[in-house]
Amino acid sequence: MRYVVGYQSDERGRDAVALAVAIARAQGAKLDIMLVLGEDAPYVAANPEGKRVNAEEQHVLSAQRTALAVVPKDVEAEFHVRQGSSAAAVLIETAVEFEAALIVVGAASNGLFKRYTVGTVANALLHASPIPVALAPRGYTRTEPIERLTAFIGQRQGADAAIDVALVAAGRRDVPLRFVSLVELDARGEHGESVNAAHRHANTVLTEAARRLPKEHEASVEVAHGRTFEEAVDSVDWLEGELVIIGSSRLAQKRRLFLGSTANKILRVLPVPLVVVPLEYERAESHPLG
0 MRYVVGYQSD ERGRDAVALA VAIARAQGAK LDIMLVLGED APYVAANPEG KRVNAEEQHV
60 LSAQRTALAV VPKDVEAEFH VRQGSSAAAV LIETAVEFEA ALIVVGAASN GLFKRYTVGT
120 VANALLHASP IPVALAPRGY TRTEPIERLT AFIGQRQGAD AAIDVALVAA GRRDVPLRFV
180 SLVELDARGE HGESVNAAHR HANTVLTEAA RRLPKEHEAS VEVAHGRTFE EAVDSVDWLE
240 GELVIIGSSR LAQKRRLFLG STANKILRVL PVPLVVVPLE YERAESHPLG
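In numbering that gives the first Met the number 0, the protein residues as written are 0 to 289.
None of these hints come from the bench; they were simulated from the model.
Fair warning: there could be bad hints in the mix.
As a list, the in silico EDC-like pairs of lysine to aspartate or glutamate whose alpha-carbon atoms are at most 16 Å apart [claimed, not checked]:
hint : residue 1 : residue 2
1    : LYS264    : GLU183
2    : LYS264    : GLU230
3    : LYS29     : GLU96
4    : LYS264    : GLU229
5    : LYS214    : ASP173
6    : LYS29     : GLU75
7    : LYS29     : ASP73
8    : LYS29     : GLU98
9    : LYS29     : GLU77
10   : LYS264    : GLU217
11   : LYS72     : ASP173
Computed spacing ranges between beta-carbons, pair by pair [said to hold, decoys possible]:
hint : residue 1 : residue 2 : range
12   : VAL95     : HIS198    : 33 to 43 Å
13   : GLU215    : THR65     : 36 to 46 Å
14   : GLY240    : GLU75     : 18 to 28 Å
15   : SER234    : ASN53     : 13 to 23 Å
16   : GLU239    : GLU98     : 29 to 39 Å
Because the structure is a prediction, the values reported are computed rather than measured.
Idealized CB from N, CA, C, for every residue including glycine.
Working from the sequences, and respecting the hints, build out all of it.
Quick look at the structure:
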């Protein structure tokens with residue numbers, strides 16, 4: 000199993016590699032770290048075998064050293080350099096070519112207090128990738144294996160694909176799994192039938208999960224509610240090594256990503272990394288966490 004990591008020589012690149020390492024350690028994956036250069040950049044080799052190097056090659060060698068320095072010895076990783084007019088397109092093409100299970104990128108680094116400010120590359124991936132995309136929040140440095148997977152569940156189209164990916168990924172290496180249903184209360188703050196319905200659906204999901212997961216696998220459900228989705232997310236307890244999995248918007252094209260309004264609200268306050276799964280993603284069984 001392989002993960003494609005979008006790398007650049009800044010904070011976002013380091014965040015992406017750290018997250019990719021954490022997930023790879025929990026899933027047993029190889030990392031393909033990609034530095035994408037513009038089409039007009041002179042051709043440069045990632046490893047010129049000791050020959051004299053020009054400025055462009057020196058930049059690549061520096062990026063290679065910096066990226067691989069984040070990767071521990073127990074994770075297999077390879078550094079690649081490719082060129083193209085669109086970094087997102089190159090990452091998607093490479094992921095398809097390598098039959099990768101995941102594309103990992105860092106969130107944009109502008110904004111002093113925002114954990115996620117989705118930049119140009121991440122935004123393009125979230126609208127076009129046929130493969131799940133993992134977003135590392137700003138300043139993510141943890142490289143220990145992911146401790147728990149949390150799948151946000153609901154009854155809208157797109158949730159089933161995320162649940163399938165979460166079940167397969169959790170079962171692969173016996174990673175604890177939690178399902179969380181978020182409920183936005185009405186203006187009066189009344190729980191009402193919406194909360195009751197969320198509990199019923201969550202318990203149904205847990206029952207199905209128990210059937211599909213190995214015996215005695217750790218799995219749980221929670222219903223979190225608040226006046227807003229942001230408030231509901233804030234009420235959830237998070238592990239330092241948490242990874243959230245969410246489905247695409249129901250408005251997305253089949254097997255393509257699209258971050259809907261609810262997911263965008265979640266990103267404003269989510270303190271942990273996020274994986275977005277394409278609508279009706281059909282390869283979960285053969286590509287755990289992807």
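Okay, the hints, checked on the actual structure:
With a CA separation close to 11 Å, the supplied pair LYS264 and GLU183 stays within the 16 Å bound. Between the alpha carbons of LYS264 and GLU230 the distance comes to roughly 10 Å, so the proposed pair stays at or under 16 Å and holds. Distance check on the hinted pair: LYS29 and GLU96 sit about 15 Å apart at the alpha-carbon level, within 16 Å; holds. With a C-alpha separation of about 6 Å, the suggested pairing of LYS264 with GLU229 holds against the 16 Å cut-off.
Taking the CA atoms of LYS214 and ASP173, the gap is near 10 Å; set against the 16 Å cutoff, the hint holds. Proximity of LYS29 to GLU75 is assessed by CA-CA distance (about 5 Å); at most 16 Å being required, the pair is judged to hold. Among the hinted pairs, LYS29 with ASP73 is consistent with the structure: their alpha-carbon atoms are about 10 Å apart, no more than 16 Å. Restraint check for LYS29 and GLU98: satisfied, since their Cα atoms lie roughly 12 Å apart, inside the 16 Å limit.
Taking the CA atoms of LYS29 and GLU77, the gap is near 8 Å; set against the 16 Å cutoff, the hint holds. For a cut-off of 16 Å, the pair hint linking LYS264 to GLU217 is broken: about 29 Å separates their Cα positions. With a CA separation close to 22 Å, the supplied pair LYS72 and ASP173 exceeds the 16 Å bound. Our hint of 33 to 43 Å for VAL95 and HIS198 holds, since their Cβ atoms are close to 40 Å apart.
Separation of GLU215 from THR65 is about 42 Å and conforms to the stated range, judged on CB atoms against 36 to 46 Å. Distance hint check for GLY240 and GLU75: the Cβ-Cβ separation is about 21 Å, which falls inside the suggested range of 18 to 28 Å. With their beta carbons about 54 Å apart, SER234 and ASN53 fall outside the hinted range of 13 to 23 Å. About 31 Å separates the C-beta atoms of GLU239 and GLU98, a value consistent with the hinted range of 29 to 39 Å.
When the structure is compared with the earlier hints, violations turn up for hints 10, 11, 15 and for no others.
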